[in-house]
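Participant: Sequence:
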Amino acid sequence: MEVLAAQRALAIKDEELKLVLERLDTKENELKNLKEAAVVDANDPWKLYSLARERIGERSTGNLAIKKLKVEAVQLQVEAATGDPQKLAETSRELLNKASLSIEANVDSSISMKKGSDPDLVLLENNNVSRRLKQSHP
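Residue 138 is where the sequence shown ends in full-length UniProt numbering, and the numbering goes up by one at each step.
Honestly, the hints are just simulated from the structure, not real lab data. Watch out, some of these pointers could steer you wrong.
To be verified - Computed list of lysine-lysine pairs in DSSO-like fashion (alpha-carbon distance at most 30 Å, straight line):
1. Lys18 / Lys32
2. Lys32 / Lys47
3. Lys13 / Lys32
4. Lys87 / Lys70
5. Lys47 / Lys68
6. Lys13 / Lys27
7. Lys87 / Lys68
8. Lys18 / Lys35
9. Lys67 / Lys47
10. Lys35 / Lys47
With the hints as constraints, model all of the structure from the sequences given.
Facilitator: In structure tokens form, the structure reads like this:
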């Protein structure tokens, strides 16, 4: 009986040993895979670098700087093109204001000439009107 009990215990221990060895193999495989992944991860920056170089066609940094400057120049041209209508509108307003002031001054001088007043007084009056207009519309 003791021999049978010892054989059973040995068989049980043998099965346990097989299970432990299987788990050990599984863990070793996992460790091996993790090491390979770590090597791949370490090489990823180099892969990214080589992909980036392929993407830009082995351009030098000087060429990239020139391309960046060209892009900035185009952006500035777009800004200038959109800003010009605003400047034109402001200039047009200024010209219209000046033209209206000039017309008012001409109307005032022609009115005073029609009244038959002295030409020297008309000039003096026109100068006064011009000064008042300039002061009221700087």
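Participant: Is Lys87 close enough to Lys68, meaning Cα to Cα at most 30 Å?
Facilitator: Roughly 28 Å between the alpha carbons, so the hint for Lys87 and Lys68 holds.
Participant: Is the Cα-Cα distance between Lys67 and Lys47 30 Å or less?
Facilitator: With Cα atoms ~24 Å apart, Lys67 and Lys47 stay inside 30 Å; holds.
Participant: Please verify whether Lys87 and Lys70 have alpha carbons no more than 30 Å apart.
Facilitator: holds (25 Å)
Participant: Taken at face value, is the distance from the CA of Lys35 to the CA of Lys18 at most 30 Å?
Facilitator: holds (26 Å)
Participant: Starting from Lys47, check that the Cα of Lys68 is at most 30 Å away, please.
Facilitator: holds (25 Å)
Participant: Going straight from one Cα to the other, do Lys32 and Lys47 come out at no more than 30 Å?
Facilitator: Roughly 22 Å between the alpha carbons, so the hint for Lys32 and Lys47 holds.
Participant: Under the criterion that the straight-line Cα-Cα distance not exceed 30 Å, is the pair Lys18, Lys32 satisfied?
Facilitator: holds (21 Å)
Participant: Just to be careful, I want the Cα atoms of Lys13 and Lys27 compared with a cutoff of 30 Å; is the pair within it?
Facilitator: Roughly 21 Å between the alpha carbons, so the hint for Lys13 and Lys27 holds.
Participant: Below or equal to 30 Å on CA atoms is what counts here, so check Lys35 against Lys47.
Facilitator: Distance ~18 Å between Lys35 and Lys47 Cα, so the pair holds.
Participant: Given the hinted pair Lys13 and Lys32, is their Cα-Cα distance within 30 Å?
Facilitator: It holds: about 28 Å lies between the C-alpha atoms, which stays within 30 Å.
Hint compliance for this structure: every hint is met.
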